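K.L.:
Residue-level listing of the chains:
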Amino acid sequence: MAEQMTGAEMVIEALADQGVEHIFGYPGGAVLPIYDAIFQQDKVRHILVRHEQGATHMAEGYARSTGKCGVVLVTSGPGATNAVTGLTDALMDSIPMVCITGQVPNPLIGSDAFQECDTVGITRSCTKHNYLVKNVNDLPRVLHEAFFIAMSGRPGPVVVDIPKDVQFALGAYLRPEEVGASRHRSYKPHREGDLNAIEAAVELMLRAERPIFYTGGGVINSGPEASERLRELAELTGFPVTSTLMGLGAFPGSDPQWMGMLGMHGTYEANMAMHDCDLMICIGARFDDRITGRIDAFSPNSKKIHVDIDPSSISKTVRADLPIVGDCGWVLEEMVRIWRSKTNASRAEAIAPWWKEIETWRKRNSLGFKNSSSVIKPQHAIRRLYEATRGRDVYITTEVGQHQMWAAQHFPFELPNRWMTSGGLGTMGYGLPAAVGVQVAHPDALVIDIAGEASVQMTMQEMSTAVQYELPIKVFILNNERMGMVRQWQELLHGGRYAHSYSESLPDFVKLAEAYGGVGIKCSDPAGLDDAIAEMINVRRPVIFDCVVEKHENCLPMIPSGKPHNEMILPDHTEDIGSIIDAKGRALV
Amino acid sequence: MSAHLQPSGSAYFLAAETQTPERHTLSVLVDNEPGILARVVGLFSARGYNIDSLTVSETEHEKGLSRITVVTVATPKVLLQIKLQLERLVPVHKVHDLTAEGKALERELALVKVAGAGEHRVETLRLAEAFRAQVVDATTESFVFEVKGKPSKIDSFIALMVPLGLVEVVRTGLAAISRGSEGM
Chain H
5 MAEQMTGAEM VIEALADQGV EHIFGYPGGA VLPIYDAIFQ QDKVRHILVR HEQGATHMAE
65 GYARSTGKCG VVLVTSGPGA TNAVTGLTDA LMDSIPMVCI TGQVPNPLIG SDAFQECDTV
125 GITRSCTKHN YLVKNVNDLP RVLHEAFFIA MSGRPGPVVV DIPKDVQFAL GAYLRPEEVG
185 ASRHRSYKPH REGDLNAIEA AVELMLRAER PIFYTGGGVI NSGPEASERL RELAELTGFP
245 VTSTLMGLGA FPGSDPQWMG MLGMHGTYEA NMAMHDCDLM ICIGARFDDR ITGRIDAFSP
305 NSKKIHVDID PSSISKTVRA DLPIVGDCGW VLEEMVRIWR SKTNASRAEA IAPWWKEIET
365 WRKRNSLGFK NSSSVIKPQH AIRRLYEATR GRDVYITTEV GQHQMWAAQH FPFELPNRWM
425 TSGGLGTMGY GLPAAVGVQV AHPDALVIDI AGEASVQMTM QEMSTAVQYE LPIKVFILNN
485 ERMGMVRQWQ ELLHGGRYAH SYSESLPDFV KLAEAYGGVG IKCSDPAGLD DAIAEMINVR
545 RPVIFDCVVE KHENCLPMIP SGKPHNEMIL PDHTEDIGSI IDAKGRALV
Chain W
494 MSAHLQPSGS AYFLAAETQT PERHTLSVLV DNEPGILARV VGLFSARGYN IDSLTVSETE
554 HEKGLSRITV VTVATPKVLL QIKLQLERLV PVHKVHDLTA EGKALERELA LVKVAGAGEH
614 RVETLRLAEA FRAQVVDATT ESFVFEVKGK PSKIDSFIAL MVPLGLVEVV RTGLAAISRG
674 SEGM
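In the order they appear, the protein sequences are chains H and W.
Each residue of the first sequence is one higher than the one before, counting from 5 in our numbering.
Each residue of the second sequence is one higher than the one before, counting from 494 in our numbering.
Hints in this document: simulated from the structure, not taken from any laboratory.
What you are looking at is a predicted structure, and each value in this text was computed from that prediction instead of being measured.
Heads up, some of the hints might be wrong.
[Unchecked claim] Here are the computed lysine-lysine pairs in the DSS-like style, where the Cα-Cα straight-line distance is at most 27 Å: (1) H:381 with H:367; (2) W:576 with H:192; (3) W:643 with W:606; (4) H:192 with W:556; (5) H:192 with W:587; (6) W:570 with H:588; (7) H:360 with H:307; (8) W:596 with W:643; (9) W:641 with W:596; (10) H:374 with H:526; (11) H:72 with H:192; (12) H:555 with H:374; (13) H:588 with H:567; (14) W:596 with W:576; (15) W:576 with H:307; (16) W:570 with H:567; (17) W:570 with H:192; (18) H:555 with H:515; (19) W:556 with H:138; (20) W:556 with W:587; (21) H:138 with H:192; (22) H:307 with W:570; (23) H:567 with H:374.
[Unchecked claim] If you want the ones that stay clear, here's a sample from chain W, every Cβ over 10 Å from chain H, calculated: (24) 517; (25) 590; (26) 594; (27) 618; (28) 631; (29) 652; (30) 658.
The beta-carbon is built from N, C-alpha and C at its ideal position, and this holds for glycine as well.
Build out the structure end to end from the sequences listed, making use of the hints.
P.N.:
Below, the structure is given as C-alpha cells:
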C-alpha cells in the first residue's frame, strides 16, 4: 500500500529515493510547503544561495564534478526566471539537472497572480524537458521521470513546476521501482552503437596514416570509464589526441600523445593536425563553430567518424562519413575490443611521418608568451598556479573570457570531472557559484575559480554562500581592469575603439572579501606571486585573490573568425592584429 | 557606411548553400499532452525552419496519441535536421518524411465563400460541380462551398472563384497518410 503524504513531502521523498544529498535553492511564497518539509527532515541538505542563477551554476558544478544530478529548488515568478540562464547553460553543455520550481496555486494560474510566470512556457526551449504538475497523484511519477530524463541519453536540465496547492494536497507516493522508468514510451535513448559501424571505424583506423582523436564533453558525461577506454585506445593506436574545451581531462595533459585543446584558441599543432588529417575520430563532440572555424575549409581531406549519443548532433554542421550513434564509453570499449581482435602490431611505424610533422608544428610553441619581471603576465600566473597545486586534489572552475582560455591552455588536467567551465552558452558569472557547488560535493578538495574581474562581479554575491557553509573556495581573479576578450575583439575588429570594455570603479577585492567574511589577497609583483599563491592555498577559508596582471595581453594563438584552421594568429605574429580579419569575418561572432 | 559595419549573411555557413529547398510533408506521432504543440512549433521557430501547413488532432484516444502533419520547405540537409531535432523531443514517438518515403496521400478541406448575382452565380455553381464542391450554405447573394481534395485542386478552385466574387476562404491544412498496408 502506497504511503499517503503531501506533495511537498513527496518532493523530499523522491529526492532521497533518487540518492540526492544536496540541493541548491532559495525560498519564496510558492515553495514554502516544500521548505517546511525540508525543515522536518535530515535526508537532504539544502544550501541557501544568494541568487537563483547561483543555485543553477552550483548544481552544474556539483553535477559535473561528481557525475550525479544537480538539483535546484526555487520559487515561482522571479525565482524561475532567474534560473533561466543556468538552465540554458546546462542544456548547451549537457549537464544533468533537475530544477523544481514553485508555481501559484492551480486556480490562480493564468490570472497574472503575484509572482506568477509561465514557467513551462519560458523554460520550454532551455530544458531537455519540462513539466507542470497539476495533480498530486502525477507528482511521484513526474519527479522520478525527471531524474531519468536528466541523467540518461544526452544529459540535460529538466524543470518540474509544482503549483502550491499540489504541494499541500495529499496523495499516494510511489517509489522509483513502482512507477517504472518513464511514462513516455517515446523516450528511449540507446547506449549501444551499431557494431558493424564500429567495426568499419576500426578498419578505417587501421588504414589511417594521418589520424587524430577529436574528443569532447561526451567522454566526460559518459563517466570515468569512458576516459579510461579513451586512454587505452589512444595507447593501442598511438594516435594523437586533441579535445574541445568541454572534454579537457578525459585524456591526461601530461601524455606525449596529448596535443592540447583545439579550436579558436587551441594549439597550433592541434588545429594543423585537424586540418591536415586523413582520418578524424570525433568522440562526444559536436563540431561547434568555436572548433571548426570556417566550415567550408574545415579539414578538407579527411574521413570523419562521429560518435555521439544524440543523432541530431551528427552531420548537423559537418557531414560525418561514418556516424555511430551511441554512448561514448560503450563505443570506445567496443573499439578497443575490436582493435585488439584485429591486430597485435603497433601502427607506430605507419604513422611515424605524421608524428614527425606534428613535432614541427609543436616546435612553433604556440602557447609561448613574453614573460615579464615587472608585471604579472596572465599566462604566467596560471602556470604558477598549476605548479603550486600539482599533486593536490584540485578542481578548477572558470568564468568566461580570456582567463578561461588561458586556463584551458596553461592548466593541464590528468583526470576527468576536474574542469568546470561554461562552454556552449559562455556564461560570465558561472565560475564562482560552480566552485561553491564543487566544494559542497568535495569538501576537502582544493577548488579554484580562475576568474576575470568583470565576470566574477556577475555572481559575486555567492561569496556569502561560501562563507555561510564554510566552503573554502579560492577565487583567483586575473584582474586586467578590462573585459579582456571584448577588448581583444575590439582591437581585432573595430579599429581599437574600446567601447565600454574597461572596468571603471572596480571594488577593492581585498576589502570585498573581508566584507563577506572571507580572506582577501592582492598581488601585482611577479616576484611575490608564488608566496601569495601558497598563502591562498593554505588558508582554509574562502579567498578572493586579486592578481593584477598585464592589461593589454591578447589571448593567442587564435583562429580569427572567418578563417580556416591553418590560418592561425600565433603569438609571434608581426602583422598589425587589426588588419588580419576581412570584412566578411567581422560580421561573425 | 564603413566596411566593418556592413551586414553580411549567416555567421556560420559561409559556404554558399548548394542544395535546393524542397517541400516535404512530415508526419509526427506524439503523446497528446499539454504543451506538445508548443514544443513542436517552438522548435521550428527557434531553429529557423519553415512551416507551410500544420494540422494537429488526437488520432488514438486510448493510447493518448496525436498526429501532427507539417509541411515544410527546406534543403535535404536541413530536412534531416528537422526530423532528428523533432525526435529529440521527449513526447515525440516517430517522425516520418512522407514525401521521401514515396507518394503519400494528401488531402485538405476548404470552405469557400462566394458572393454574386446573375450569370456569375450560375457559373459559380457549374464550376463547383466540376470540382465536386458541395454547397453548405446559401443565401440569395452568396454560397459557401465545401471543397476537398489535393491542395493543388483547392488552389485551382479558389483561383477560379476570385473573378466570380470570392469573399473569403478557410483551409484545414494538410492531412497526409502513406499508401499501402504499413502503419506508422
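K.L.:
Could you check the structure against the hints above and give me the numbers of any it violates, in ascending order?
P.N.:
none
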